[in-house]
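2 protein chains.
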Amino acid sequence: MKKASIKDVARTADVSIATVSQILNNKGERFSQATRDRVFEARDAVGYVPNANARSLKKRDYTLIGVIVPTLKLPYFGAFVQSLRDDLPENVSLSIMSGEREAADEAVDRLVEAGASGIIIVSQLAEPETVAQTLKQRHIAMVVTENHANLKDADAVFSKDRMGGRLAAEHLIAQGHERVVLLGNQVFTDNLTYRAESFKETMLEAGVKVSEITTHNLSKQSGQAAAMAVSISKATAAFALNDDLAIGLISGLAKLNWRVPDDVSVVGFDDTEYAAFYQPGLTTVHQNVSLLAQTSLNFLMQRIENFQMARQDIAIDVDLIERASTRSLK
Amino acid sequence: MKKASIKDVARTADVSIATVSQILNNKGERFSQATRDRVFEARDAVGYVPNANARSLKKRDYTLIGVIVPTLKLPYFGAFVQSLRDDLPENVSLSIMSGEREAADEAVDRLVEAGASGIIIVSQLAEPETVAQTLKQRHIAMVVTENHANLKDADAVFSKDRMGGRLAAEHLIAQGHERVVLLGNQVFTDNLTYRAESFKETMLEAGVKVSEITTHNLSKQSGQAAAMAVSISKATAAFALNDDLAIGLISGLAKLNWRVPDDVSVVGFDDTEYAAFYQPGLTTVHQNVSLLAQTSLNFLMQRIENFQMARQDIAIDVDLIERASTRSLK
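In the order they appear, the protein sequences are chains S and Z. Using UniProt numbering, the first residue of the first sequence is number 1, and each one after it goes up by one. Using UniProt numbering, the first residue of the second sequence is number 1, and each one after it goes up by one.
A hint or two may mislead.
Note: identical chains are not told apart, hence a pair may lie in one copy or across any two.
With a Cα cut of at most 30 Å, we get these calculated DSS-like pairs of lysine-lysine [said to hold, decoys possible]:
#, residue 1, residue 2
1, 234, 200
2, 200, 160
3, 330, 255
4, 152, 209
5, 7, 209
6, 200, 136
7, 7, 160
8, 7, 234
9, 27, 200
10, 136, 330
11, 27, 234
12, 27, 136
13, 27, 255
14, 200, 152
15, 136, 7
16, 160, 27
17, 200, 7
18, 7, 255
19, 152, 255
None of these hints come from the bench; they were simulated from the model.
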């Protein structure tokens with residue numbers, strides 16, 4: 001069926017197209033209430049909806065920004081996006097996209113097409129430099145929480161991942177663990193690389209042996225699948241690069257009748273809500289996700305306001321939260 | 001700084017505005033490669049970005065649809081949205097919004113303004129009939145997964161919530177529980193009401209006493225806060241209206257040194273991924289979230305294709321998944 005046009009409204013209300021246009025655009029003060037009512041009734045009767053694009057050309061009264069996360073299935077990213085939403089200024093609209101690498105680069109294109117004034121990129125990009133340059137040329141603000149190392153054309157907000165890896169290592173060293181497993185993603189993103197590297201460096205300095213078990217991705221399923229490998233590794237502790245891996249590992253160990261922390265200690269990363277509510281409570285590196293989201297949003301809005309300002313970046317502290325999933329061997 | 005215009009590109013490339021327009025719109029075959037290169041270079045040099053709205057008026061080559069969920073913090077909704085994304089046809093773009101009741105109604109307005117052709121509404125609306133009528137008049141497709149009882153102007157896809165409540169009750173009855181607690185949200189949505197009502201009805205028929213504990217919302221925090229009330233209720237089992245409440249309850253009971261299922265059995269609802277990975281594994285009512293998402297998307301795309309087709313609704317079966325959080329008293 002053909003969509004109703006403004007002509008249909010005018011014919012039904014028995015007024016001119018100009019009258020319809022003015023009344024529907026809230027500029028119909030000079031018309032009688034009866035005429036205005038007739039136009040609104042006619043609009044509803046014929047099912048007319050103004051062409052949103054045509055209308056927004058004239059009065060787009062909000063700023064569109066976008067956020068790109070790897071997936072909404074992992075609660076860390078859900079919490080990040082929800083935190084952005086909760087802090088959104090009234091005249092700003094947020095479009096949420098998901099995707100990793102090539103798919104993340106494509107999501108950027110889609111947001112540019114949609115007219116976004118700025119984009120917060122939580123995902124790893126396939127070609128970060130190219131994306132950053134393109135957005136800069138087009139005066140579209142960009143904040144990254146990954147890829148921050150060499151990206152001079154984007155503002156950056158990130159957790160101190162190296163500090164996190166080191167805190168996890170120091171915790172296990174202090175508890176007397178001398179043989180540990182590092183459980184991580186096979187394809188490392190920058191942030192995961194920092195966590196893993198500083199964990200291994202700290203352990204090496206302390207003379208602790210680290211064996212590595214690669215996993216398919218960062219999911220609970222991948223953690224569970226790694227349980228057998230952990231159980232035969234002779235390690236007394238495992239560091240998983242995120243909480244979901246850690247939770248999966250603990251549940252996989254339980255199926256093998258291994259208990260945490262009695263048989264093996266487990267440390268996670270993120271401190272998603274599930275870490276605190278898990279049984280046993282998960283010892284993990286806390287990322288301040290709401291501060292990360294708020295700061296990303298602030299940087300983005302500042303850049304939209306003043307595109308020429310100097311680049312901003314900030315590294316946010318992490319903490320080790322000690323719960324029941326690790327125990328001292330001393 | 002003033003945004004670069006097409007004039008700036010034309011001046012920099014030393015060609016006419018018409019030439020720039022044709023080349024940037026991929027209609028510049030008749031121009032030399034040198035001219036085309038010069039125009040693209042000029043565009044990048046001046047940082048010109050075509051007005052997305054102006055452009056999409058002429059050639060909007062994708063369909064925009066929207067989804068509105070209560071929050072992205074709860075993994076059930078994250079899984080629903082991610083499942084929609086995974087199934088999205090190539091020429092369809094998805095805008096994700098979050099909000100409940102009045103905020104959900106406003107999210108509908110925002111999606112209409114953005115030119116959405118259809119909206120999947122997972123949240124409870126404040127005025128479902130009004131929203132459905134308005135969208136119908138404007139020929140915008142609408143699928144609801146809540147509010148389905150009396151909403152004749154929207155297609156509906158929903159889990160058999162009454163069946164779920166009954167299955168939970170029958171499981172506890174079969175295990176010999178004679179005093180149970182129902183743990184639920186203070187402000188009921190339709191779906192939660194169905195779960196709770198059929199649970200209570202089934203229990204009543206079996207002569208089992210049900211006491212109710214209201215919670216602030218459906219979060220893990222609310223479940224944890226209810227642990228004391230459950231522990232003094234003398235009930236041998238608790239039915240929580242979603243998994244997050246159940247997980248929160250189990251962790252709250254652990255802090256009181258109550259063990260699940262030894263001291264009290266716990267049943268959840270949803271079967272989010274955390275139910276299987278929790279310790280103990282959570283007995284829960286499984287909702288087929290990916291089938292719910294796929295079917296919602298199919299209904300929406302069919303309605304967009306043919307707005308006049310008859311209303312569709314479908315109720316999707318649920319199952320009870322028995323894990324380690326419940327035990328037989330017999």
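Status of each hint after checking the structure:
For a Cα distance limit of 30 Å, the shortest separation of residue 234 from residue 200 inside one copy, 17 Å, qualifies, whereas the shortest one across copies, 51 Å, does not. For the identical chains of this complex, residue 200 and residue 160 are intra-copy neighbours only, at 16 Å inside a copy versus 50 Å across copies, given an alpha-carbon limit of 30 Å. Taking CA atoms no more than 30 Å apart as the test, residue 330 paired with residue 255 passes in both settings, with 27 Å inside one copy and 26 Å between copies. Taking CA atoms no more than 30 Å apart as the test, residue 152 paired with residue 209 passes in neither setting, with 37 Å inside one copy and 65 Å between copies.
Neither within a single protomer nor between protomers do residue 7 and residue 209 lie at most 30 Å apart by alpha-carbon distance, with minima of 77 Å and 64 Å respectively. Within a single copy, residue 200 and residue 136 get their C-alpha atoms no closer than 37 Å, and across copies no closer than 60 Å, so neither meets the 30 Å cut-off. Taking the shortest alpha-carbon separations for residue 7 and residue 160, neither the intra-copy value of 60 Å nor the inter-copy value of 45 Å comes in at or below 30 Å. For the homomeric pair residue 7 and residue 234, neither the shortest alpha-carbon distance inside one copy (78 Å) nor that between copies (69 Å) is at most 30 Å.
For the homomeric pair residue 27 and residue 200, neither the shortest alpha-carbon distance inside one copy (67 Å) nor that between copies (55 Å) is at most 30 Å. In this assembly of identical chains, residue 136 and residue 330 lie within 30 Å of each other by CA distance neither inside one copy nor across copies; the values are 55 Å within and 69 Å between. For a Cα distance limit of 30 Å, the shortest separation of residue 27 from residue 234 qualifies neither inside one copy, at 76 Å, nor across copies, at 65 Å. For the identical chains of this complex, residue 27 and residue 136 are inter-copy neighbours only, at 26 Å across copies versus 38 Å inside a copy, given an alpha-carbon limit of 30 Å.
For the homomeric pair residue 27 and residue 255, neither the shortest alpha-carbon distance inside one copy (69 Å) nor that between copies (62 Å) is at most 30 Å. In the homo-oligomer, the alpha carbons of residue 200 and residue 152 lie at most 30 Å apart inside one protomer (28 Å), although the nearest pairing across protomers, at 61 Å, exceeds that limit. Within a single copy, residue 136 and residue 7 get their C-alpha atoms only as close as 42 Å, which misses the 30 Å cut-off; across copies the closest is 20 Å, which meets it. With identical chains, the CA atoms of residue 160 and residue 27 are never at most 30 Å apart, being 53 Å at best within one copy and 48 Å at best between copies.
For the identical chains of this complex, residue 200 and residue 7 are neighbours neither inside a copy (71 Å) nor across copies (56 Å), given an alpha-carbon limit of 30 Å. Taking the closest pair of Cα atoms, residue 7 and residue 255 never come within 30 Å of each other, the shortest separation being 69 Å inside a single copy and 68 Å across copies. In this homomeric assembly, residue 152 and residue 255 never come within 30 Å of each other (Cα to Cα): the closest approach is 48 Å inside a single copy and 48 Å across copies.
Checked against the numbered hints given earlier, this structure breaks hints 4, 5, 6, 7, 8, 9, 10, 11, 13, 16, 17, 18 and 19; the rest are met.
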